[in-house]
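Asker: Quick note: the sequence shown, position 289, residue 288 per numbering that gives the first Met the number 0, numbers continuous.
Honestly, the hints are just simulated from the structure, not real lab data. C-beta: ideal position from N, C-alpha, C; glycine also. Heads up, some of the hints might be wrong.
[Said to hold, decoys possible] Only pairs whose alpha carbons sit at most 25 Å apart, straight line, appear in this in silico DMTMM-like list of lysine to aspartate or glutamate:
| # | residue 1 | residue 2 |
| --- | --- | --- |
| 1 | Lys137 | Asp177 |
| 2 | Lys860 | Asp881 |
| 3 | Lys644 | Glu34 |
| 4 | Lys66 | Glu46 |
| 5 | Lys937 | Glu1102 |
| 6 | Lys668 | Glu435 |
| 7 | Lys242 | Glu353 |
[Claimed, not checked] DEER-style ranges, computed between Cβ atoms:
| # | residue 1 | residue 2 | range |
| --- | --- | --- | --- |
| 8 | Tyr857 | Ala894 | 41 to 51 Å |
| 9 | Asp140 | Asp681 | 32 to 42 Å |
| 10 | Ile754 | Asp140 | 44 to 54 Å |
| 11 | Phe649 | Asp738 | 25 to 35 Å |
| 12 | Pro1105 | Val945 | 20 to 30 Å |
| 13 | Val295 | Phe649 | 58 to 68 Å |
| 14 | Ser71 | Asp738 | 49 to 59 Å |
| 15 | Ile817 | Arg789 | 35 to 45 Å |
| 16 | Lys254 | Pro1105 | 51 to 61 Å |
| 17 | Arg744 | Ser71 | 25 to 35 Å |
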Amino acid sequence: MSDEKESGPGSGQYSHLLDEIVGVGDAVLLSTLTEDAFVANLKKRYEAKEIYTYIGNVVVSVNPYKKLKLYSPELMNEYRSRNLFELPPHIYAVADDAYRSMRDHNRDQCIIISGESGAGKTEASKIIMQYVAVVSEKGKDVDQVKKQLLQSNPVLEAFGNAKTNRNDNSSRFGKYMDLEFDFQGNPVGGVITNYLLEKSRVVRQAKGERNFHIFYLLLSCDNEKLLNDLNLVPEPTSYNFLKNDSPPSVNDDDKKEFQLTLNAMNVVGFSDDDVCVVFQLIASILHLGNVAFESVSRPNGIEGCKLAKSTTTNSFSDACALLRADKNRLQKSFTLKKVETRWETVEKSLTKAEAAYVRDALCKAIYDRLFNWLVQRINSSIKIKGKTKKKIIGVLDIYGFEVFDTNSFEQFIINYCNEKLQQVFIELTLRCEQDEYVREGIEWEHVDYFDNSVICDLVDNPKTGVLTLLDDDCLRPGNPTDLAFLRKLNQKCISHAHYESRASRNLLGQHSLGQDCFRLLHYAGKVTYSVNGFLDKNKDFLYRDLSQAMYSCDHPLLKTLFPEGTKKHINYIIQANDDDDDDAPTAFEPSNRIDPALPCDPEHPSLKRPPTAGFQFKASVGELMKNLMAKNPNYIRCIKPNERKQALVFDESLILHQVRYLGLMENVKVRRAGFAYRHQYDQMLMRYKMLGGPKTWPKWVGHPKEGVRHLLKTLGVKKGEYAFGRTKIFIRNPATLFDLEDRRRAKMHDLATLIQKVFKGWLQWRQYQEMRYAATVIASVWKGYQDRTRYNSLRNASIVMQSVWRGWLARREYRAIIFEIRASWAVGIIAKFYYGWKVRKEYRKKFRAIAGPKVIRYLRKYIRYRFLTRLADNLPSKAPFDRKWPPCNPYFQEASSSLREIHHRWRCKLYRERFKTNPALKLVYVEKLQASQTFNGKKASYAESVSQPFRGDYVGLKNDRAWNELAASLNETRVVWADLVMKVNRTNGKTVQRILVITTQSFFVLDARSLRLFYRVSLAHLARVSVSQLADDFFVFHVTKEEAAKKGDYIFQNHHVVEIVTKTRRAVLALSKRNLAVQIANKFEANLGNSPVLVQFSPGGSEPLPAPVCKRRGQQLDILV
C-alpha cells in the first residue's frame, strides 16, 4: 500500500464532491464534453490515485492494480447514510445509496458491475458485500448470515476463477447474487445464480494462462496425508491439464489461499466428508488428464484404440480408485461407443483422437457439474430460513466483453450477454433520466444514442438468429459440420449490416477473414469468431456409456451429478431414438448437465429433445434481464487501464476504446440533456447561502426553494441558465456551477477571516475568564485557609479545656466508686467474722462430736458426683467399633468397667436395630463380613478394601439400552457386578480392555465400546477363584473341565478384587447352593488353552512397578507386581 499523501476520501481535506481539486469528480460537469476531455479527466484523477469518477449516479472505476488507502471501516462509517453527491466519488457511496433505498423506501435494488476482463469487477463485488455487511445491524444470527455470504466468495473464486493473460483472478463464470434482507435491513440469506462456466479451460488453456485455481491450491497444501490419499504429487507439471508453454508453479499465495478456501467451505456449511469427496473428483480429473491412448487395428480392419501401457497402471488406476469405478467398464467407455436401440446393441470402435475427445468431455462434464453442485450447496446454506417478507439487493458480476486472437463459442456467448446488458443499461439510463425530468416537471430533450437492439436481434432472433440457426444444425439428423453451419449463416445473415464473412460483397477477394470465420460488429467493436467447435460446444454431449459408468460408480457424488445414467432413463432415451439414424445427435445425451432451472429426474425422464447450451444460456440471460428490469439499477463501470497489469499505468488508447464501447459518452450526454447539474433545494441553499446577503446568511427563514430563488436573483444568474423543479434546482451549463463555486471560494476567504476574528476574540475572552476564575479561586482558597486556621485554634483550645474539666469530674466519680466498693467489702468481712464467731460459740460442743463423719460423707458424695458428671461429658461415640473410654480414679475402677460394658451393649443394640429398618445395609455388612472371613490376613490388599463400599455396577449397565436388550434376549435378570477389566490373553500375556458383567446366573465378557458379547459362562460352570497373596489386582476364574475345553480359564485385572470374589461367591451360593472355593496363593495352576499353565506372582523389586507385567514363557505365566 502506498505511503504517499493522498487527497481522496478519508484524508480529511474535503467533505463535498465540488470541494475536490483533482479534475472533475462528476463527468457531467465537464466544461468541454469530448472523448479527449473525458479521458484526460480520468487520467488526471487516476494519476492522483482517485480511481472513482461519477457520471451522475453511475460510478466509473479504473483498476489501479495496487492497494490504495481507499477502503477501511472508518471510511465506511464516513459514507454511511450520506447523500450520493455529498462526498467524493466512491463505490461505498453507490453501495450505501442502494442499501438505504432498499431499506427505507422498500425498493429492490440491483448493482450491475460491467467491464472487460481485468477491470476489477470481482473486487468491486466483494467491496460492495463487505460494505453492506458492515453497515447493517449486529447480532449473533445476523453475523452468521453475513459471514456465510462473505465466505461464499472465496469458495466460488477457488473453483470458478483462473489466472489469464489479462487478469490474475479472472472470473470464468457469470454470477448474479441476490442479497436478501428483512424489514429492518438485516441480511437474512441469499441466492446465487451462475452462468456458463468456461469448462473448456479444464482440458486446455491459452499460452501463459493457468487452469482453475483449485487445482493449484490442492497441489500446494501442506497436508501430505491428503495428497497421498489422492495419489497426487505437489508439482503441476506432472499433470497434462496443468502443463503449458510457460508452466506456472505453486507459490506461497496458493498455500494461503488453500487454507482460506477450506475455512470458507467450513463456514458456508461443507462438512469434512463433503470437502473430501470434492477433492477426490478434482484429483480424478488430474489423473484422467494423464490417461493416454494408442492406436490399434481391430480384426475387422477398423482402426481402434486402447489405453497406453504407461497410464493403465498409474493414472487410470488412480482415477478409478478415486471415482470408485469399475476399471473394465470405464476403459470400455473410453475406447468403444455403444449404440442401443429397442432391438439391438451395436459397439463401434473409437479412434485415438476420438477417445481423447471423450476423455476431455468427461473431465469437463465432471468439473462443470461439480461446480453447479457447489453453487446449489452454497444456496442451500445461505438461503433464507422460513417464510418472511424480504427485500433484495442484487449484485451482478459477469464476464466482460472478450476479444482474443481466436474467438470461439464461449466468447460468442459472453459477448452476446454483454450486448444484452448494454441494451438494459441504455434503456434503464434513459428511463431513469426521463423519469426524473417528468417527476420534477422539466421538459425532456431527446438525445441520439446507439441502440444495439439490432445486434441482439441478429443473435437471438427466434427465426433467423445465430443461436436459432446453431440449434437447428445441432438437432437435425445426419452429420452436420461447423462449415455447414457457417454456410447457413451466410445464407440467412449475409445482408445484415452487422454481419460479415468471406461471402460478404465488401470482402470478396479479401483474406482478412478465414474460411471458417464470421465477424459481428458489436457495440464494442468488431469481433471475428471461428466456427470450429461451435456445434460440439453447443451440443455439450456426453456418450451414454460414460453417463452409465459414472452413475455406476460408488463415489457419493457421482449418482447426484449423473442422474441420467440410470437404466430407466437410458431405456426412455432408446425408445425415443429408435427411429433415428445411429449417428444422429440423439444417439448421445446432450442434456447431461446439472442445471437448477432444468432438473433431470431419473425416475421420470422427459422424452423431449434436450436443450442446447446456447438455448439454455439465452433463456438464462432472458430471465436475468427480466430480473434486472424489475429492480432499481445502480451501475459500476469498470475500466482496465493497461494490458500489462502494471500499477498506475494509463493507456489512453485502450481507455478510449473502453469508453466508446461502454457507451460512457452517451451516458454523459443523456445526463447533460438540457441540464448538467441538479441538487436538492435545501442542500443547494446550505452550500451557497453565504452569497445571498443578510437574508440567506447565516440562516434563511422560509421555504428553501424561495431561498434558492433569492440567491440566484441576487447573484444575477440569467433565468435561462436554470430551472426550478418540484424538489430540485436544475442548472443548464457547468460554467454557471463553476462560477458559483468560484464566488463561493472567494467568499469563503471573507468568512474565514470573520471566523478567525470571532475565534481569536473568543480565545481572548476565554483567557480572561480563566484568569478571572483563577484569581477568584486563589482568593477563596487563601481566605478559607485563614478561617480554617483560626477555627482550628479555637477548636483545639476548647477541646483541651473540656478534656481537663471532664477528666477532673471522672476522677472524682472514680474515687467515690472505689470508696463505696471498699466500704461494702469491709462490711462483708466484718459480718462474716461476726456470724462465724457467733455460730462457733453456740455450737462448739456439738460440732466437735459429729464433724468428722459428716465431712467424710460429703466428700464421698462429691467425688461420686464428679466421677459421673465427667463420665457423662466424655462418653465415646455410638459406633460399636469405638474402643475409647475416659480414664477414672482407681477407687471407681469396678464401676467404670461395669458402666463401660453396659454402654457398649447399648451401642450394639442401637446398631442392630438399624438392620431391621434397612435390609440393604445388612447385606453390605454381610458381604463385608464374608470378605473378612475370606481375605483377612491372607491378601495384602484386603485392608484397603475395608473402607471402600461395594457398589456392584460401576459402569451403569442398568440404564444402558444395549445391555438391557442383550439381557432380555438371554433371559438375564439382575446385574451383581459390572466394571471395566483388563483381560489377560492366554497365549502371550498381553492385556485388552473389556467389560466383565456378573449376573445371578452367568458372567459375561463384553466389548468396552459396543457391548458386543465375547463370552458367556454360567456360574454353575465356575469351579473356583484364585488370587495371589500380594497387593495386586489379578484374579482367575477357573471353569469346569467341560467349559475349559472351549477356551480355558479366565484371567482378569481389576482393583475391586475383594468385592468381585465376595459377590461371585454369594451369586454361586444362591444359584447352585454350593460354596465357591477361593485359592489364595502366589503360585497355582490354570488351564489356558487345553493345557495347564503355572501362574506365578512375584514382586517386581524393592519398589512397586508402575504397572503389572505379564509374560508367558511356555507353560508358565509370570506376573510381576
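Asker: Looking back at the numbered hints, which does the structure fail to meet, lowest number first?
Answerer: Checked against the structure, the hints that fail are numbers 2, 8, 14 and 16, while the rest are satisfied.
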